[in-house]
Amino acid sequence: MTHVQHLTPFLKKTPFHPCIEPLMHGNGWIRWMGTYSPAFFDSVSAEYFAVRTGATVYDVSPLIKYSIRGKDAARFMNFLVTRDITKVKPMQAAYTAWCDDDGKMIEEGTIFRLGENDFILNAALHQLHWLHESAYGFDVAIEEVSERFCGLALQGPTSRDLLKAMGVGGIETLPHFGIMETQVQGKWMRIDRAGFTGDLGYELWVKPEDALWLWETLFRLGDPLKIAPIGSQALDMVRIEAGFILVDADYIGAMHAIRPTQRESPFEAGIGWAVGLKKDAYFVGKRALQQEKAKGASRHILMGIEVEGRKPAHGAFLYSDQAAKHEIGLTTSGMWSPILKKSIAFARVPPGYAKPGTEIWTEIWYPKEKKIERLMARCTVTNRMFFDPPRKKALA
Amino acid sequence: MTGKMYDVAIIGAGHNGLVAATYLAKAGQKVVVLEASDRIGGAAVTREFAPGFKVSSVAHILHALHPKIVSDLGLKLETQPIGTSVLLPESRSIEISSDGGKTGTSIAQVSAADAEAWPRVMARLTKLATALGAFLTRTPPSPAIGANDLQTKLALAMFALQLRMLGKKDMLELTRILTMNVADLANDFFESDAIKGLLSLDATLGVYLGPRSPNTVFNLLYRLSSYGKHGMGGLTLPKGGMGAVATALEQAARKAGVEIRTNAPVDHILLEKEMATGVVLKNGEEVRAPIVASSADPQTTLLKLVQPGNLDVEFLKRIRHLRMNGCVAKVHLALDGLPEAWKSRAGRMVWAPKIDYVERAFDCAKYGRVADKPALEIVIPSLTDAGLAPAGKHVASILFQYAPYKLRTTTQDEARRQVLERTIDTLDLLAPGLRTRILGSEVLTPHDLESQYGLAGGQWHQGEVTLDQMFFLRPAGQYQQFRMPIPGLWLCGAGAHPGGNISGAAGANAAREILKSLKMRRAAA
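Chains A and G, in that order, give the protein sequences. FYI, in this note's numbering the residues of the first sequence are 19 to 414. FYI, in this note's numbering the residues of the second sequence are 146 to 670.
Hints were generated in silico from the structure; no laboratory data involved. Model, not experiment: these values are computed from the prediction. Just so it is clear, CB atoms sit at the ideal spot from N, CA and C, and this is done for glycine as well. Hints may contain errors.
[As the list claims (entries may be wrong)] Below, computed lysine-lysine pairings styled on DSS-like, alpha-carbon distance capped at 25 Å:
| no. | chain 1 | residue 1 | chain 2 | residue 2 |
| --- | --- | --- | --- | --- |
| 1 | A | Lys296 | G | Lys418 |
| 2 | A | Lys313 | G | Lys418 |
| 3 | G | Lys400 | A | Lys313 |
| 4 | G | Lys418 | G | Lys374 |
| 5 | G | Lys511 | G | Lys538 |
| 6 | G | Lys418 | G | Lys221 |
| 7 | G | Lys171 | A | Lys297 |
| 8 | G | Lys272 | A | Lys89 |
| 9 | G | Lys213 | G | Lys272 |
| 10 | A | Lys411 | A | Lys244 |
| 11 | G | Lys551 | A | Lys311 |
| 12 | G | Lys384 | G | Lys551 |
| 13 | G | Lys518 | A | Lys89 |
| 14 | A | Lys105 | G | Lys518 |
| 15 | A | Lys89 | A | Lys411 |
| 16 | G | Lys247 | A | Lys297 |
| 17 | G | Lys449 | A | Lys313 |
| 18 | A | Lys89 | G | Lys374 |
| 19 | G | Lys272 | G | Lys374 |
| 20 | A | Lys311 | A | Lys329 |
| 21 | G | Lys418 | A | Lys107 |
| 22 | G | Lys221 | G | Lys449 |
| 23 | A | Lys359 | A | Lys297 |
| 24 | G | Lys247 | G | Lys221 |
| 25 | G | Lys427 | A | Lys89 |
| 26 | G | Lys538 | G | Lys247 |
[What the hints assert, rightly or not] Taking CB as the label site, the calculated pair distances span:
| no. | chain 1 | residue 1 | chain 2 | residue 2 | range |
| --- | --- | --- | --- | --- | --- |
| 27 | G | Thr556 | A | Asp136 | 52 to 62 Å |
| 28 | A | Arg328 | G | Glu419 | 29 to 39 Å |
| 29 | G | Gly513 | A | Leu146 | 58 to 68 Å |
| 30 | A | Leu146 | G | Ala292 | 51 to 61 Å |
| 31 | A | Asp136 | G | Lys462 | 19 to 29 Å |
| 32 | A | Met394 | G | Gln307 | 58 to 68 Å |
| 33 | A | Pro27 | G | Ala289 | 28 to 38 Å |
| 34 | G | Ser243 | A | Lys313 | 33 to 43 Å |
| 35 | G | Thr556 | A | Leu146 | 26 to 36 Å |
| 36 | G | Thr320 | A | Glu134 | 53 to 63 Å |
| 37 | G | Glu419 | A | Met394 | 16 to 26 Å |
| 38 | G | Lys384 | A | Leu146 | 52 to 62 Å |
| 39 | G | Lys462 | A | Pro108 | 27 to 37 Å |
| 40 | A | Pro369 | G | Gln623 | 19 to 29 Å |
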């Protein structure tokens, strides 16, 4: 017996835990949504290259999943999120943001439309309270179903070949952001072609009791296709290359901003393309977003920058000039991209600097031989999607 | 089906709806007023409740109708100023009227100190309330940057100046008492239970608060704000009952060219391209107008008439959480003559013998029950207006405090029976034998007020009059200037600034803001 709560193991284990645990040579566990989750297995760079050259699995079971269904589900989803849901057909997924009254992002995530009025919303943070508040007046049933199924993100150039080897019929014709439900060896499986890597990849959802079967099958058949498990550190590298933003890394969710001014609109967070201002229905924050757009009131826009040299520039100051006289913003995520052979970063720059090709400067401080060195590096503003291979969207 | 085109469609022919309509029509707008029921006037109504007996069904004393509205709209009203009888046990009473000498003598039967204090304290409270009252007919400033025009800023500056000009002592006193409870205030200034009881009732009428709840002094000041130049100068009874106010307003509206349609319940507000462009009636008819002003309460307007999915989430939550728990029931009695002691009491009678009596009545409401021993405000309007009852007979119009809208286990039928029984039991103690004179009766619980008169939650003021629901917070922060988030949709009822009572100020304020916006739109075009 102990009165110190943290001395008793309290993290939950996902249904894949028995498969992951024996491979965990580096003891790289972290906590994700109250479960054990791998940050790395052994070598982060090996895992990184596995995503870009083979097939990798990442346990996405801890993601928060909500089921939203009922007579008004389609209308409700269209009200809740910024994307135009009328353009998302059943068995299609869509990436979207959802905002508070002031058009500031609560979070962004993926919606899966399973039927006319049947949706799954995946989120990184708990949203049930907000969903219930938003649903006032709508005939919908909202339920958290996070533990009702579990999933693996199967990502990498050989992922499709692996699914073919498993005998998943029709995987060749599943389009980017398409969803299919199928039976494999008598097991129910839902497959969507989405992910957080910017590469060819899928997410496989099964019932918890089939988790071990799925892992075993993938690794048995995937051996010749270079299958490997990855942790969140490698995932973080590939998502930066892919230009995907992460809540609380690249923007602060509206619900836990300490000051109202910390909140950001989707335009500011660089996903303005996911805001359906033209859709024929109101959505939460639309009036505020319309105003922001009309008045040009966005304070900054999250762009990509390519930084000269090899030093990663995360959390670095940005200037319009080499002399660092005029500060214009900060970078959020940044890294050396091994595959692009470039230092890349996400940069919050004023709208006037958000045009690709614009030259700006960043101030990088880095440790070297027990000293801290300062470097002013020239940057070129780019689209945030640094890595975008044709195979991501191509059909087989 | 597309009907006629109007400039403004007003939802609800309550007094505020009519006031707003008339102001707008006088400014040249083509206005239609759509009323769900078959009557005009909303809560300002006279109705027959037993054969030959008529009474003001909801509001029964007129004190807050703003003199500026009366003169602007040319309302012709016959009103009878009345005093207050503070009932004491054994048929005695304290008579409070505009006659200071008589009032003093009367109070002196219970306390010489209170007789001396009464005129002084009430004059000071009324002075403070009148200073606050200057804002009744102004637009509250918005805390949003750039949302206030010069006129609003100027009004705020004048208001601040006016408060400052009260002098240091009075301004300090105002800040001291503004948020406190009426029991403490009464104990500060008076010693007799009867006077303290009177203040307790006056400060809590219409709010779900007891005399010891904070904020009740504010409600008292709100009431007193109409006793000076911002109201009727005191309590009055309109000849013909409150329906006479509705009739006067209706005449003024029709004269100004307003079209009034009764039996025209609105199903929902028509939205096109996320702007209000009219309303759709329950029968499917569309009434189009680029401006829709609703004199229904904010919850009805924004939660029911605006269809889901058109308003932001946190804003709607604020509206859902408006405190709307009505707690006053109305009792009407048809009487075969009056007890001797009551024959001269043409004013209002108040039964609230002490602070604790009112507080205990509130305790019942707090736990979801009808008050065991209610505080009562009684008016016998037939004493001054013989037309309300057959010859030799009388009507009593009674406010029963507290009968909460939200009941724990009591059913509506039980509540109605309890209100009547407890009213009669109380009256029979005050005027023995009254029970035998009752020829007929009617009880309107808050639920009845909701279903028959459209008062959501049975709340008389479309939302409690408390500091957190007033001024620039009515009905919600940033939406206090009558303009709702949906372009073209306005509030013009008591749910908007400055709130309740038969005052018309909300309607007049809304009309002014609507006209201002039209002028700005014309200037921009």
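Restraint status (C-alpha distance of Lys511 (chain G) to Lys538 (chain G) at most 25 Å): Since the Cα atoms of Lys511 (chain G) and Lys538 (chain G) sit roughly 37 Å apart, the hinted pair is violated (cutoff 25 Å).
Satisfaction of hint between Lys418 (chain G) and Lys313 (chain A), Cα-Cα up to 25 Å: Roughly 19 Å between the alpha carbons, so the hint for Lys313 (chain A) and Lys418 (chain G) holds.
Assessment of proposed distance window 16 to 26 Å (beta carbons of Glu419 (chain G), Met394 (chain A)): violated (48 Å)
Lys538 (chain G) paired with Lys247 (chain G) [C-alpha distance capped at 25 Å]: Roughly 29 Å between the alpha carbons, so the hint for Lys538 (chain G) and Lys247 (chain G) is violated.
Status of the given 52 to 62 Å range, CB of Asp136 (chain A) versus CB of Thr556 (chain G): Roughly 40 Å apart at Cβ, these two residues miss the hinted range, so it is violated.
Range hint compliance [Cβ, Pro27 (chain A) to Ala289 (chain G), 28 to 38 Å]: violated (51 Å)
Agreement of Lys384 (chain G) and Lys551 (chain G) with the hint, judged by alpha carbon distance not exceeding 25 Å: violated (34 Å)
Straight-line alpha-carbon gap Lys105 (chain A) to Lys518 (chain G), limit 25 Å: violated (63 Å)
Range hint compliance [Cβ, Lys384 (chain G) to Leu146 (chain A), 52 to 62 Å]: At roughly 59 Å between Cβ atoms, Leu146 (chain A) and Lys384 (chain G) fall inside 52 to 62 Å, so the hint holds.
Proposed proximity, Lys107 (chain A) with Lys418 (chain G) (alpha carbon, max 25 Å): holds (24 Å)
Pair hint Lys247 (chain G) and Lys297 (chain A), alpha-carbon separation not exceeding 25 Å: Roughly 71 Å between the alpha carbons, so the hint for Lys247 (chain G) and Lys297 (chain A) is violated.
Given pair status - Lys311 (chain A), Lys551 (chain G), alpha carbons within 25 Å: violated (45 Å)
Checked against the numbered hints given earlier, the structure breaks hints 3, 4, 5, 6, 7, 8, 11, 12, 13, 14, 15, 16, 17, 18, 20, 22, 23, 24, 26, 27, 28, 29, 30, 33, 34 and 37 and satisfies all the rest.
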